[in-house]
Structures are given as structure tokens and as C-alpha cells.
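K.L.:
Work the whole structure out from these sequences, hints included.
Sequential numbering from 1 applies to the sequence shown in UniProt numbering.
Source of the hints: derived by calculation from the structure; they are not laboratory data.
Among the hints, a few may not be true.
Computed cross-link-like contacts, DSBU-like style, restricted to lysine-lysine with a CA-CA straight-line distance of at most 30 Å [what the hints assert, rightly or not]: (1) Lys235 - Lys193; (2) Lys496 - Lys406; (3) Lys218 - Lys235; (4) Lys103 - Lys235.
Computed Cβ-Cβ distance ranges for the label pairs, DEER-style [unchecked claim]: (5) Asp322 - Arg86: 18 to 28 Å; (6) Glu186 - Leu409: 45 to 55 Å; (7) Asp346 - Ser115: 46 to 56 Å.
All of these numbers come straight from a predicted model, not from anything done at the bench.
Don't be surprised by glycine CBs; every beta carbon is placed ideally from N, CA and C.
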Amino acid sequence: MDFHPHSCACTRTGSRDPSQPRRSREQALQLSASGFFAHVKIPPSREADCSEGESKMVGEVAGKSCCHGAKGPGYATPLEAMAGPRESLLYVTCVYSGTGIDKADYLATIDVDPSSPTYSKVIHRTPVPYIGDELHHSGWNACSSCHGDPSANRRFLILPSLISGRIYVIDTQKNPRAPSLHKVVEPADIVQKTGLAYPHTSHCLASGDIMVSCLGDKDGNAAGNGFLLLDSEFKVKGRWEKPGHSPLFGYDFWYQPRHKTMISSSWGAPSAFTKGFNPQHVADGLYGRQLYVYSWPDGELKQTLDLGATGLIPLETRFLHDPSKAIGFVGCALSSNMVRFFKTPDESWSHEVVISVQPLKVRNWILPEMPGLITDFLISLDDRYLYFVNWLHGDVRQYNIEDPKKPILTGQVWVGGLVQKGSDVVAETEDGDWQSDVPQIQGHGLRGGPQMIQLSLDGKRLYVTNSLFSAWDRQFYPQLMEKGSHMLQIDVDTEKGGLTINPNFFVDFGSEPEGPSLAHEMRYPGGDCTSDIWI
1 MDFHPHSCAC
11 TRTGSRDPSQ
21 PRRSREQALQ
31 LSASGFFAHV
41 KIPPSREADC
51 SEGESKMVGE
61 VAGKSCCHGA
71 KGPGYATPLE
81 AMAGPRESLL
91 YVTCVYSGTG
101 IDKADYLATI
111 DVDPSSPTYS
121 KVIHRTPVPY
131 IGDELHHSGW
141 NACSSCHGDP
151 SANRRFLILP
161 SLISGRIYVI
171 DTQKNPRAPS
181 LHKVVEPADI
191 VQKTGLAYPH
201 TSHCLASGDI
211 MVSCLGDKDG
221 NAAGNGFLLL
231 DSEFKVKGRW
241 EKPGHSPLFG
251 YDFWYQPRHK
261 TMISSSWGAP
271 SAFTKGFNPQ
281 HVADGLYGRQ
291 LYVYSWPDGE
301 LKQTLDLGAT
311 GLIPLETRFL
321 HDPSKAIGFV
331 GCALSSNMVR
341 FFKTPDESWS
351 HEVVISVQPL
361 KVRNWILPEM
371 PGLITDFLIS
381 LDDRYLYFVN
391 WLHGDVRQYN
401 IEDPKKPILT
411 GQVWVGGLVQ
421 KGSDVVAETE
431 DGDWQSDVPQ
441 IQGHGLRGGP
451 QMIQLSLDGK
461 RLYVTNSLFS
471 AWDRQFYPQL
481 MEKGSHMLQI
491 DVDTEKGGLT
501 INPNFFVDFG
511 SEPEGPSLAH
521 EMRYPGGDCT
531 SDIWI
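P.N.:
Laid out in C-alpha cells, this is it:
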């Protein structure tokens, strides 16, 4: 079945958010499994191959601590990071791949200093040398995991290209306002030495190596995925995981060294997701629903957590920032649930759904029910608040997670989505027809849905972009191809909770010199709550 949702022009509303109806949590979980998922067949459970007694991993010092005492990059603790300087620049990956514009993707530098005359403007563009890469996520060559190593230097931004398989290394130190290309790691070298392709998430390691999750082999088969290691000079070093210990699917990962654990998540087979989303591919077993628990730094797959129907397409994965905590969360996109994972007394890992976004019953859409589609989330550096987006519904949410077993909704704001006023798509609720109120910012209508988010160190500003992946953007929000992305700033109440769109900040990627582009992940030069890991 082809899947081509569009939104266009029409009607009206009640005031209550229908994705939070008057139901118990248990009823909500039943609805999410029996409502929207009545239209999506769920494949049986599968387990990854995990043979024992394999050879020693490549780069076995991947989790080694840096020497302590002197100061390296980042901060000694997450709370020290919260007291760091306010951000003045922001880097964002921008994409022309898949848009119909025959230009190279680029890294944009955004001025986010309110006192600057170029505030809220793109002040520099660093194009990559090839066309068709699809820049996506980014990470640093060094972060707070190397804070104790005075020789370490947070200088290079790592830009994996999801489609071409290239990895670009960008120098941000020579001129932070105008970064420059430092090196290109070619896909042929990666494939020849590791068999890996479709690179996605990168994290720096305390050893100086860089680890990159890869989602498949060069032919788009998920069976070839795993974890790439680059050394400190960005040479291909090999695979991180032990032979025979690859996950079924790849996506994001996060490590917690004090608990000797790394956990990774699963999007799907590149041969499926690069063509857009087709529900039949879920039934065919081409999308994931598992978390993979690895020993750190050994690279041995110790456990596979099957999240079942409540955990379809688990994407972004975050531990709490406190390195002593054996607790984290994963956002499950298709099921639209936040899942908490945690270590049990017997040293194994378990999971539970702690937040469930109910699908909307809708008219004038491809299916009778619409999931929220949680595509990104993050945790404030003090581990107090969790923020996530619903890319299809169009809202950004804030939850207090001081009790991580029982998150409390403390803020919500609508910044786009398929069910906003002016769209043909209408939600049917117990109170009647409903559409969200989405404001204009500086005369601009908000297009697409909230996708990637980045939080300021002090937790008071949340930046939002709206592009997921060009093939999915074209399918769900075709207007992004014509008008491009935008970036918003949401002001955060960190005392009582609450979210408000800042009317003074709007970056329009629809007016770029080479034509409208798609903006995705954001980074600060000094690190942030999704790049830095404490050991």
C-alpha cells in the first residue's frame, strides 16, 4: 500500500487536546495497540544473532577513561554544564538531496545571540563537495567524556551522510562563525574495511576514537549494519561490536560507562525507509521494535529487548545524564510511546511504557487514525525535564521526570502538524471536530511538524527544526519541498514548567540563496545535552 498523506485547506475545532482524552493509561495503551495498529500488521518477534566466543573487538580501549586532573573539552559534570555560557552560535545540517534542487548539502551557521545585528540569521554556509549525500545527524570528535584529558580538543564536527555513506569532518575552530571542510571519509574505504554503509549517529569516545552507528550494507540490507570506529585522525579503524554481535537494525546509541552498558535502537532496513514509509514494510519485518544491550566497552551483545507493538520503530535513545544512573528512555516513533529502560537487581535490563500519545481519529487522511510520530526527544542536563515532538500531530511537549516512572506533563505547544487549522485533515473527538491553533511567527505560517530539537545548556531555550528525512518530508509534508524548513525557538519555564514560542526568533530556510533547503540536526560549538556523555 502506498502512503501519501497531504494536508491542505479547511475547518475548525474544540479546545481540548484530543491526543490526551479522558482515559486511563491502561486504556490508552490498549487504544494505541488496537486503534491505529489495526491498520499496521505487526511481525513476529525476531532476535539478533549473538554467538559466543568471538574474536577480540577492534579498538578494545573504546571505553577507557581519559586521565583526570587537567581540563579537556566540555564540563566535569552535567550540572557544571548547565552553568556554562549562553549559546551564541548554532550549527545545523541542511539538505538539498531529495528536494529536486541539484546542489550540495551544507552546514549552516546560525547567529543565536539576541544582542547581535545578525540574530536569527544564517551567517555562513559550508557546502560539502558532493551532491546527493543527505546530511542528517552530527557529533563531535571530543566531548565531556574527555574532560579529564588536556590533550583532547572539541574541534571537529562529524557529519555522516545517510545516503552516500560519506562522513565529512568539519573544522569549527579556525573560524567558529565560518567552519571549513577538514576531511572526507569515503564510503568505499568504509565498505572495504567494515562492510558498513548508511552512517547515522556519531559519538566521541574517551579513547579519542569516534563511533558511528551504520544502518545497513551498501545494498541497503539491514543485515549488514553495525558500529564503525574512526581513530582520532578519522581513519577507518574497523567495527566496534564483536563479530556475530550485530543488531538486526541500527539507528541511535548511548553508552553509560559506569554501568558498562551501551544501548542501541532500531529504525529499519535502508531499502525500505529510503523509499518513504509504507505500512506493509512494518508487517514484512523491515522496521525495528528492539533495543540492543551491549557490554561496554567489549562490544558483546548481551540482551535484546523486544518492545512489541508498543515499541514500533524506536529511534532516539538517551540515558539520564547522571552517569551513576542506570535509567534511560527511547522514543518509539510509530507506536508514539516513550519507553523507560532500566537495570534490574539481577543486572539484566527491562523496560516499560511511561508515556503514551494516543492516535487521533481523523478525516481526509490516508488512514482513519493518525499516530503522533515521536521522532526526537531529549533530557535536560539536570535530568528534571524530558522534551519530545509529535511530528505528525504537530506539538512539542515537556514532562517532569523527577520520578522517571511517572512523568508529568508540564508544557505543550503547537508548532505545525497535519491537523492544524487551515488543513483538510480534521480530528474527530468526544467533544466534536478539532484542529490545533498554530500561530504565525513574523508573518510566516508554520509548515511541516516539529522534528529535531536542541536545548540550551541552562534549559531555558528549545530550538526546533521540521525536516525528518527528505523522502519522508516529501511524502508527509510536500510543501517543505517548495517552501523549505524553518527553525523556531521555544522559551521554557524551568521553574513551574511551560513552553512558549519566542516571536523574535525565526530562521527561514525557504529563502536560502540556492533555493529552499531542509534543516535537520542542531549543535552548539561548546557541546549540548545530546552530544555529551559523562563517564
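K.L.:
Given a hinted range of 46 to 56 Å, is it respected by the beta-carbon distance of Asp346 and Ser115?
P.N.:
holds, 54 Å
K.L.:
Honestly, do Asp322 and Arg86 meet the 18 to 28 Å range at C-beta?
P.N.:
holds, 23 Å
K.L.:
Against the 30 Å threshold, does the CA-CA distance of Lys496 and Lys406 hold or violate the hint?
P.N.:
holds, 17 Å
K.L.:
Holds or violated: are the alpha carbons of Lys103 and Lys235 at most 30 Å from each other?
P.N.:
holds, 27 Å
K.L.:
Taking the Cβ atom of Glu186 and the Cβ atom of Leu409, is their distance within the range 45 to 55 Å?
P.N.:
holds, 46 Å
K.L.:
Please verify whether Lys218 and Lys235 have alpha carbons no more than 30 Å apart.
P.N.:
Judged against 30 Å, a Cα distance of about 19 Å means the pair holds.
K.L.:
Taken at face value, is the distance from the CA of Lys193 to the CA of Lys235 at most 30 Å?
P.N.:
Given that 30 Å is the threshold and the Cα spacing comes to 11 Å, the pair holds.
Violation of the numbered hints given earlier is absent; every hint is satisfied by the structure.
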